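K.L.:
Okay, here's what each chain looks like letter by letter:
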Amino acid sequence: MPYIYMNIMLAFVISLVGTLMYRSHLMSSLLCLEGMMLSLFTLNALLSLNMNFTLSTTVPLILLVFAACEAAVGLALLVMISNTYGLDYVQNLNLLQC
Amino acid sequence: MMYIVFIMSVLYVVGFIGFSSKPSPVYGGMSLVVSGGLGCGIVMSSGGSFLGLVVFLVYLGGMMVVFGYTIAMATEEYPETWGSNVVILSAFLVGLLMEVSMVMWLFSGEHELVGFYFGGLEGLMVLGEEGFEYVREDYSGGASLYSYGFWFLAMAGWMLFVSIFIAIEVTRKRY
Numbered sequence: 001m002p003y004i005y006m007n008i009m010l011a012f013v014i015s016l017v018g019t020l021m022y023r024s025h026l027m028s029s030l031l032c033l034e035g036m037m038l039s040l041f042t043l044n045a046l047l048s049l050n051m052n053f054t055l056s057t058t059v060p061l062i063l064l065v066f067a068a069c070e071a072a073v074g075l076a077l078l079v080m081i082s083n084t085y086g087l088d089y090v091q092n093l094n095l096l097q098c
Numbered sequence: 001m002m003y004i005v006f007i008m009s010v011l012y013v014v015g016f017i018g019f020s021s022k023p024s025p026v027y028g029g030m031s032l033v034v035s036g037g038l039g040c041g042i043v044m045s046s047g048g049s050f051l052g053l054v055v056f057l058v059y060l061g062g063m064m065v066v067f068g069y070t071i072a073m074a075t076e077e078y079p080e081t082w083g084s085n086v087v088i089l090s091a092f093l094v095g096l097l098m099e100v101s102m103v104m105w106l107f108s109g110e111h112e113l114v115g116f117y118f119g120g121l122e123g124l125m126v127l128g129e130e131g132f133e134y135v136r137e138d139y140s141g142g143a144s145l146y147s148y149g150f151w152f153l154a155m156a157g158w159m160l161f162v163s164i165f166i167a168i169e170v171t172r173k174r175y
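Note that the protein sequences, when read in sequence, are chains C and Z.
Number 32 in my numbering belongs to position 32 of the first sequence; there are no gaps in the numbering.
Number 119 in my numbering belongs to position 119 of the second sequence; there are no gaps in the numbering.
Note that these hints are calculated values from the structure, not bench results.
From a predicted model like this one, the values you see are computed outputs, not experimental measurements.
Beta carbons are placed, not taken as given, at the ideal position from N, Cα and C, and that holds for glycine.
One should not assume that every hint holds.
Stated by the list, open to error - Derived contacts from chain C toward chain Z, CB cut-off under 8 Å, selection only:
no., residue
1, R23
2, C32
3, E34
What the hints assert, rightly or not - With beta-carbon atoms standing in for the labels, derived distance ranges:
no., chain 1, residue 1, chain 2, residue 2, range
4, C, V17, Z, G109, 49 to 59 Å
5, Z, F165, C, L87, 23 to 33 Å
6, Z, M159, C, V17, 25 to 35 Å
Model the full assembly from the supplied sequences, consistent with the hints where possible.
P.N.:
Spelled out as structure tokens, the structure:
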């Protein structure tokens, strides 16, 4: 397996771990989600180009469209949280308590 | 110069570690922009000039701009950077150690894992191209979105349309 694919898959796993571990801001988790989408795009584009699957080069484009929709919904939620609490700190989201 | 694409992919991973160690989102967005530019370079080195342009225009120029001013709206007075907090710095160093150890393991010889042979150097060879190609793969693939992939196009367009209404409904005031 070429080295570049391993690096890009490692980048996906790193941003997946970054999405799942919260620190203070919700925005940094959304940025890690965007990083996951970028690494998936790069991996899809490289595989379609290197294996000469010409019709599969539409897959990264469609992936980017869905990532844009997901980012829009995530940012809308973050804007509402920021309007309610002043900042997007994760510790403010404490209405449901165990 | 033979290893230029590999070095770009290593810097790509370092950029990913940079925003996954969770500094303040201002610095995380900057690191994601750097990684996006390097990802464009990696895609373009395999001959995908259209897809590299799509990364810059749509991803960095569209989505990251929106993220940029949302970050500017919801930010704090003293943003944390990689050097100001020991947690962020240690997460960054752990990720960097993981990447360096993976690179050293890859270059230490041939390995075999469930049928995949990696460690050989054939993945890094850059073959010279003579003349022009008669099929530009990524342009014709992007154009086939409108002919063979019409249903993809219809679903993607409908999803973009619906997500505008979703964003309007989520950000509606409650009073």
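K.L.:
A separate judgement is required for each hint: does it hold in the structure or not?
P.N.:
Here's how the hints hold up against the structure:
A hinted interface residue such as C:R23 counts as satisfied when its beta carbon comes closer than 8 Å to some beta carbon of chain Z; here the least separation is about 4 Å, so the hint holds. For C:C32, the shortest C-beta to C-beta distance to chain Z is roughly 6 Å, which falls under 8 Å, so the interface hint holds. With a cut of 8 Å, the hint placing C:E34 at the interface with chain Z holds, because the nearest CB-to-CB distance is about 6 Å. For C:V17 and Z:G109, the Cβ-Cβ distance of about 28 Å falls outside the hinted range of 49 to 59 Å, so the restraint is violated.
Taking 23 to 33 Å as the suggested C-beta distance range, the pair Z:F165 and C:L87 conforms, at roughly 27 Å. Under the hint 25 to 35 Å, the C-beta atoms of Z:M159 and C:V17, about 28 Å apart, fit the expected range.
Going down the numbered hints, you'll see the structure goes against just number 4.
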